[in-house]
Amino acid sequence: MSWLKRKLFKKKISIAVIGIGNAGCKIGDEIIHQLKESNINVKSLAINYTDNFEPKIKHFAENFWFGSQDNPSSNSNLEDAWNEIQNKELNLKNKLEDVVFYKKGDRKSEDDLALHLIVGSGGGTGSAGTMIASNLILDITGDAPTIIYIVPEKDEASLIQYNAATALHFLGFSAKGPQSPILLFDNEKLMKILKDEKIDEILNISNNILAEILTTTILAALQESIHQEYNADLNDFFSSFTKEARGLGVIVSVDKEFETLEKAQNVRFSDIFFNELDESSSLSADVTRAKRGYLTINMPTTYQSTFETRKIVKRFEKGSIKVALNSIEEPVLTIRGVLTGIHPDYVDRFWEILEKGRDGRNEIITKEEKIRQSHIDLKH
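So the sequence shown is numbered by the working numbering: it starts at 62 and just counts up by one.
These are calculated hints, taken from the structure and not from any lab test.
One or more hints might be untrue.
[What the hints assert, rightly or not] Restraint-style ranges between C-beta atoms, simulated for each label pair:
(1) Glu214 x Glu290: 38 to 48 Å
(2) Tyr364 x Lys154: 32 to 42 Å
(3) Asp316 x Lys73: 23 to 33 Å
(4) Asp159 x Arg376: 40 to 50 Å
(5) Ile287 x Asp159: 31 to 41 Å
(6) Glu285 x Asn144: 44 to 54 Å
(7) Glu416 x Glu391: 37 to 47 Å
[Said to hold, decoys possible] Subject to a maximum C-alpha distance of 20 Å in a straight line, what follows is the list of computed EDC-like cross-link-like pairs (lysine to aspartate or glutamate):
(8) Lys317 x Glu391
(9) Lys154 x Glu123
(10) Lys104 x Glu123
(11) Lys237 x Asp204
(12) Lys73 x Glu285
(13) Lys317 x Glu337
(14) Lys237 x Glu285
(15) Lys237 x Glu140
A quick note: this is a predicted structure, and the numbers were derived from the prediction, not measured.
For each residue, glycine too, the CB sits at the ideal point set by N, CA and C.
Produce the complete structure using the sequences and hints provided.
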């Protein structure tokens with residue numbers, strides 16, 4: 062991250078990180094760790110079934126355990142987890158009121174930005190907790206939180222697919238939900254690359270990568286770009302998480318090193334950018350349909366870099382994509398950012414999850430009906 066340390070950060074942002082469920086807490090813990098190391102003002106809350114999970118997380122300031130001590134296992138059933146959290150909803154709301162940076166009706170300065178992030182996944186706790194906590198934050202602050210959602214693997218159990226489908230629809234597209242911007246994170250291709258590693262090690266690497274990408278994106282947005290045409294700032298980054306960004310989104314990360322400064326100055330990085338997006342994600346999303354977005358591009362700038370940046374922006378003709386182009390004297394290219402507000406029609410992976418969730422739900426209903434019928438037969 063040497064390219065991030067060359068400029069003073071003149072603006073500030075405060076971030077609340079709410080990790081929910083096992084995966085959400087693990088990833089949230091690493092995000093908090095990296096944000097704090099970069100001197101960003103952070104508040105945090107871990108939400109999980111029981112405190113048996115507590116030794117695995119180190120950086121959360123507060124926690125909320127909603128499960129029964131009589132049953133120490135986590136709850137993978139969404140409906141059961143939903144009911145248990147709702148029974149303690151008032152306690153959870155009190156916790157969230159201490160974590161958020163402002164409340165509904167507070168006067169907010171344009172230079173006093175605060176982002177509320179929820180990290181969740183397809184488990185019963187992760188899904189139900191994310192759904193309930195997001196609506197509570199909306200009620201407290203008047204603004205929908207940003208959701209980072211870890212999508213289930215393609216061969217994950219049908220129950221997990223059903224949980225994810227239910228949660229994603231509620232969070233982003235239901236009138237009963239917060240209609241939040243949702244950043245999808247899919248580690249499918251990473252797991253294929255690291256197939257010889259143990260699953261725990263793969264998940265740790267994945268957690269660290271997501272935390273590093275998100276942190277460097279925020280740090281990059283804090284820089285002041287002096288480029289005449291592409292000088293987006295922290296406010297432009299923040300606008301990618303507004304109500305206008307409702308829908309699905311992706312976190313962008315490109316890193317390339319070159320043998321010489323001259324090669325870095327003359328690279329056609331627009332092709333690298335779109336190829337990298339396709340190769341690094343299993344989402345199969347048409348990202349050029351994004352309504353909102355923020356990109357920071359760091360490289361040895363020349364006329365060529367301005368021309369290549371224009372080519373990228375032109376591909377997003379249907380949306381408002383803001384770019385900060387920063388010049389560095391190193392033979393490297395780094396791109397960080399977020400692309401949000403993508404309609405689910407353009408994200409194949411989203412529909413795969415919904416279809417598997419529907420099929421899984423039909424499977425459960427069929428089994429329940431067979432059990433019910435067998436009980437009726439026994440009575441006769």
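Consistency of the hints with the structure:
{"no.": "1", "hint": "Glu214 x Glu290: 38 to 48 Å", "verdict": "42 Å, holds"}
{"no.": "2", "hint": "Tyr364 x Lys154: 32 to 42 Å", "verdict": "54 Å, violated"}
{"no.": "3", "hint": "Asp316 x Lys73: 23 to 33 Å", "verdict": "26 Å, holds"}
{"no.": "4", "hint": "Asp159 x Arg376: 40 to 50 Å", "verdict": "43 Å, holds"}
{"no.": "5", "hint": "Ile287 x Asp159: 31 to 41 Å", "verdict": "39 Å, holds"}
{"no.": "6", "hint": "Glu285 x Asn144: 44 to 54 Å", "verdict": "49 Å, holds"}
{"no.": "7", "hint": "Glu416 x Glu391: 37 to 47 Å", "verdict": "45 Å, holds"}
{"no.": "8", "hint": "Lys317 x Glu391", "verdict": "11 Å, holds"}
{"no.": "9", "hint": "Lys154 x Glu123", "verdict": "13 Å, holds"}
{"no.": "10", "hint": "Lys104 x Glu123", "verdict": "9 Å, holds"}
{"no.": "11", "hint": "Lys237 x Asp204", "verdict": "14 Å, holds"}
{"no.": "12", "hint": "Lys73 x Glu285", "verdict": "12 Å, holds"}
{"no.": "13", "hint": "Lys317 x Glu337", "verdict": "10 Å, holds"}
{"no.": "14", "hint": "Lys237 x Glu285", "verdict": "39 Å, violated"}
{"no.": "15", "hint": "Lys237 x Glu140", "verdict": "16 Å, holds"}
The structure fails hints 2 and 14 (numbered hints given earlier, in ascending order).
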